[in-house]
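Protein chains in written order, with this note's numbering: chain A, 119 to 304; chain B, 2 to 155; chain C, 349 to 1000; chain D, 45 to 345.
If you are wondering where the hints come from, they were derived from the structure by calculation, not from laboratory data.
Worth double-checking, as some hints may not be accurate.
Claimed, not checked - In silico contact screen, one side only, chain C against chain B (beta carbon under 10 Å); selected entries:
1) I858
2) M867
3) Q923
4) I970
5) H984
Positions of the beta carbon are idealized from the N, C-alpha and C atoms, including for glycine.
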Amino acid sequence: MKVININLSYNSDFVTQVEEESGQKLNNCYQCGKCTAGCPYTEEYDISVSQIMRLTQAGQKEQVLQANSLWLCATCESCTARCPNQIDVARIMDVLRHMARKEGYVGTGRVKTFWDSFLSSVKNNGRVFEVGLLVNYISHTGRFWTDIGLGPKVLPKGKIHFKPTEMQGKKEVAKIFMRFKEESAR
Amino acid sequence: MPVLTGKELRIVGFLCNWCSYGGADTAGIGRFNQPTDLRIIKVPCSGRIDPLFVVKALMNGADGVLVSGCHPRDCHYAEGNFYARRRLEIMHNFLPIIGYEPERFEYTWVSASEGQRWQQVVTSFTEQIHKLGPAPKILGPEASDTLSLMQAAL
Amino acid sequence: MKVGVFVCHCGSNIEATVDTAAVAAAAREFPGVVFATDTMYTCSEPGQDEIVNAIKEHNLGGIVVASCTPRMHEQTFRRTVERAGLNKYLFEMANIREHVSWIGKDREANTNKSVDLVRMATEKLLRNRPLYSKKFDINKRVLVIGGGVAGIQAALDCADGGLEVVMVEKTSTIGGKMAKLDKTFPTVDCSSCILGPRMVDVAQHPNITLYAYSEIEEINGYVGNFEIKVKKKATYVNWDSCTGCGICMEKCPSKKATDYFNEGIGKTTAINIPFPQAIPKKAKIDPDFCTKLTKGKCGVCAKVCPSGCIDYEMQDEFVTEKVGAIVTATGYDLFDWSVYGEYGAGRYPDVITGLQYERMLSASGPTGGHIKRPSDGKEPKNIVFIQCVGSRDKSVGRPYCTGFCCMYTAKQAILTKDHLPDSQSYVFYMDIRAVGKLYDEFTRRAMEEYDTKYIRGRVSMIYPKGEKLLVRGADTLMGSQVEVDADLVVLAVGAEASAGASELAEKLRISYDSYGFYMEGHPKLKPVETNTAGVYLAGACQGPKDIPSSVAQGSAAAAKVLGLFSKDQLESDPQVSIVDIKRCIGCGKCIQTCPFGAIKEMEFRGMVKADVIETICQGCGICTSTCPQGAIQLQHSTDNQILSEVNALCQF
Amino acid sequence: MNTSLNYAYYPGCSSTGTSIEYDMSSRAVCAALDIKLTDVPDWSCCGSTPAHTVDHSLSSALSARNLDQVASMGLDSCITPCPSCLANLKTAKHRMEDEGFRDKVNNLLDKPANTKIETKSVLQILVEDYGIENIRKKVVKPLTGLVVGAYYGCILNRPAELMQFDDREHPMAMDNIMEALGATVVPFPLKVECCGASFGIPRKDVVMRLSGKLLDTAKSIGAMALVTACPLCQMNLDMRQDQINHANGSHHKIPIFYFTQLLGLALGLTEKELGMNKLCVSPRTLLDFMVNEENIKEKAA
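So here's chain A without its partners, still in its complex pose (with noise of 0.2 Å):
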């Protein structure tokens, strides 16, 4: 096992980094893990989120950004509904995940490329076009469509279209895709 420098090792800017963009303070985690014990999807975690917490406390930057835990949080807000402090882990979730993506770290690569395919989608109609959303995903993992079962038992619901719905707006918020792309790239 890894042995940690605490002193050596505590990235600072890190920490100012994460309370700056969540709005909270990371010292009001005294670690009850009451945040993991009533995560949903605790099960998938490489890294529980009280460890995520206490990671980033310890400003343990390289640790928390790889982890896969942050690809799996589905911002359910339990952990921030009960925790004791009063702190937004969710938020703090989610300001982990723009920082892994910011560093090019992609975690469990399916999540972050579903993600991807469903903004292009909006990205390119204004709403979100769901067969376009899974051709796009299955293209880019390459993998074949589990859920292909689905297809005899939506399809005649009419519930699957095959064109997007048409929106004149949609040249908008393609343009706020583009603009948030230049922002970034700053």
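Starting from the known structure of chain A, arrange chains B, C and D on it as the hints suggest.
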């Protein structure tokens, strides 16, 4: 020694011995940092505070006056803070007439246990006074007129 | 007046951020000051001697000490100047520690501020006059409010010390929370076995008058002479003749009354004696459930009562008691845990509080000492204890640690194994607070000998799963989420100030903190005193406490009262108002405003004048700021003295 | 209701596809209760979960555009059936009260957006503005014999400070509506547990586990059906119920209704209007059962 020029303004505090004075002690024991402008005068009860003390303080060069007593219904002498409040309210309304911004005076409640609250009160009131800057000085005959006016009013 | 000034370093407490030598130097320039110096520890013996010598050497008429808050050492230094032959009111203090050196690090500003404070003190001192106390008689009876273990201890110690004691208890029996406990930690000895005899002593002690089912209506007066109005709530039973035979209870047809003593586990009868060992063992009727009182029908108890003491017409009654001191021992209440939706907020019958569990464990309890699930009466196998429910939790406004839950949970886990050898107990905890003689050893026993499974983490959710309750928590040491299938969940619910604590404090004129717990005189040196002379604290009303500490405080409070009463007369505080006859126009405004009725009219050469009754005046000075003539002045806080302080500060 | 209710309506993307029956039934129910809905003109995606996982300003920008569209209608509030849209629209409004953040977001938009728009869920306005007692009065076909559990999902009431609706741990809005419609409501212990949300595609296993647990619980308390108020929850529990059974070796056949569908049914609307035929787990037998029960009851009376 005059107030550290530029750094401090003159702020006088009248504090009830039973609650707020203790609150200020509690803040000290807790090492809750505060601005240094305030000078505290201890009184046995906020009910002991004659509104003229406040007026005279301002006229003699105070830039702000802070009065702090016990929470309503928590007076060591049963009803002192109630009398204080009534009198000081009247005085407060008169301040503009004699040329002082009403914001130069504040009446608040702090109990002996509320060190942190005291820190907040002092800090925000000091900021408030620094925003206003030094108070206008009333000198000479004008001063005594003003005073007698207030005496009559209160 | 020749004034001497002493500026204290207080070690480095002041010196670190205040240039005390410079302050002393500046003081030497003040009018009246003939001697000024800085000293290491002014309150120490050498420090005090320095003052005494200076007074003699420079024949000083008054002393200013710039050091800590007067709440700390004003008395000390007043005694010092007295030793040197000065009147003790020819002394002033400047608080340059709590109000200066401890609240900022700017040495220049602090030094400058200290100089100002010393100037203020000096200017006031120059206007001080010698004051002399009057002696007044005291009433050597003591009122104890609350009949829990702390109150009982205080009452018995006072009574054994020869004092007359009046005890007022809100409920219909004394014993408090301790009477509800089955066993006590860390000795696991039977609670009622140790408390029971003490309760009986209270009942039988010739010096103790007990008002049970009574409350404090009004408190007037001051140390040595309080006047208490006690409200005896209507019991609908004549207690003088009630023998506590309990026949009324057997026969009462309305059996759905809330059983407060048993914490709502089970029900009781509308007319009831809370428990067999109750003191006094008298019946009372719960008017909300008695059909005679609600619907005018029934009257069974009146028929069966052998001593005919049922009185449906009974009204609340008021009695007045005169005492010289008051011990407040009003204890605590349990936090209302229903705010925890994730724990079911009371929707699940098999999630109960620790105190309810105690009643279940108790042989005299509603289940006869058998542990049963409230839902189906079955014996539980897996029992989960959850700690810190309403403790150390900002989100419910209870950030403080209750302090005794860790211990009673360990005790309950041990007792559970004794009652149900096949059972398994689990304890969800954050930290184990076991600071006390044999406490940690006790919690270790719960784990080592009784195989209680301690799990380090909070619980996030409890929900029913078939017949069981699924408890989902975390084990932060394993770093994982854990689940327990529980048959019964016991919440270690924290303590909060007892209901009505703040209202009582206002009657007593003592202060309380933001949670409603009473403020002691000094956190270290006056743990059972309050800032109101003659009013003392015992037990959990000052903050959550376990039994040993409550008992210790009960005795401590009693010792304080006995000390106070060791003299036949008390010295009045001479800081009282006096009237300048020449100036007084007899308008009577002061008489109207005085909260204590300490001012009366008197006749002086055919004119009406105000006159202060010195032993009644409490020195608030409301009269002084009311008087249009400035004729009535509160000594030691006169207009001149206060204005001199103002002028010392504000001079352009 | 004397005062007629009038709202801007934001359908949300899934209304055009997988949750079309939620949209249909919401519109039908509101019409039946004389609640006037006007679609937000040319609405776009709110950004949903993916956007705020990328960046808060991007997420808020996507929502802000829609809030601005509402403002352009001259209204100061709007409603949506979808909790995810609700959360995003509310969050955007809230966060944009901060000047710095607002500028950041406006920089991403064509023109600065007016975001002073209150968003509520269809459920909330039915309970708070229309009122359950008024709903009760409108019931013509009570849901006799139906034993139902109400499942709210994770974000309809959380975080409480933001959503300002119902209880965060133990919401009752749908329970109360169902009770008013004549159904027997069994308390559902996992009201606010997450169903797996948007992981259906990238991490199906997660949904299998979490939604599986919900279905098992529903069965254990004897619920014949569940009502939901969230497209994702409904999709995971309904569309994927077979997959779940397959993955967990269970044999559930629990119809998963949108609460608006059952509400519409009780108000006497047709199954077609309510898109009953669009549910994957067929409610047929259950619907017939209810009709039958009602007849028996009437005969008895």
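These are the hints, each one checked on the structure:
The beta carbon of C:I858 is positioned within 10 Å of a beta carbon in chain B (closest approach about 8 Å), and the interface hint is therefore held. The restraint placing C:M867 at the interface with chain B holds, with a minimum CB-CB distance near 6 Å, inside the 10 Å limit. Against a cut-off of 10 Å between C-beta atoms, the interface hint on C:Q923 holds, since the closest Cβ of chain B lies about 7 Å away. Restraint check, C:I970 versus chain B: the minimum CB separation of about 4 Å is within 10 Å; hint holds.
Given hint, C:H984 at the interface with chain B, holds; its Cβ is 9 Å from that chain's nearest Cβ, closer than 10 Å.
Going down the numbered hints, you'll see the structure goes against none, and every one checks out.
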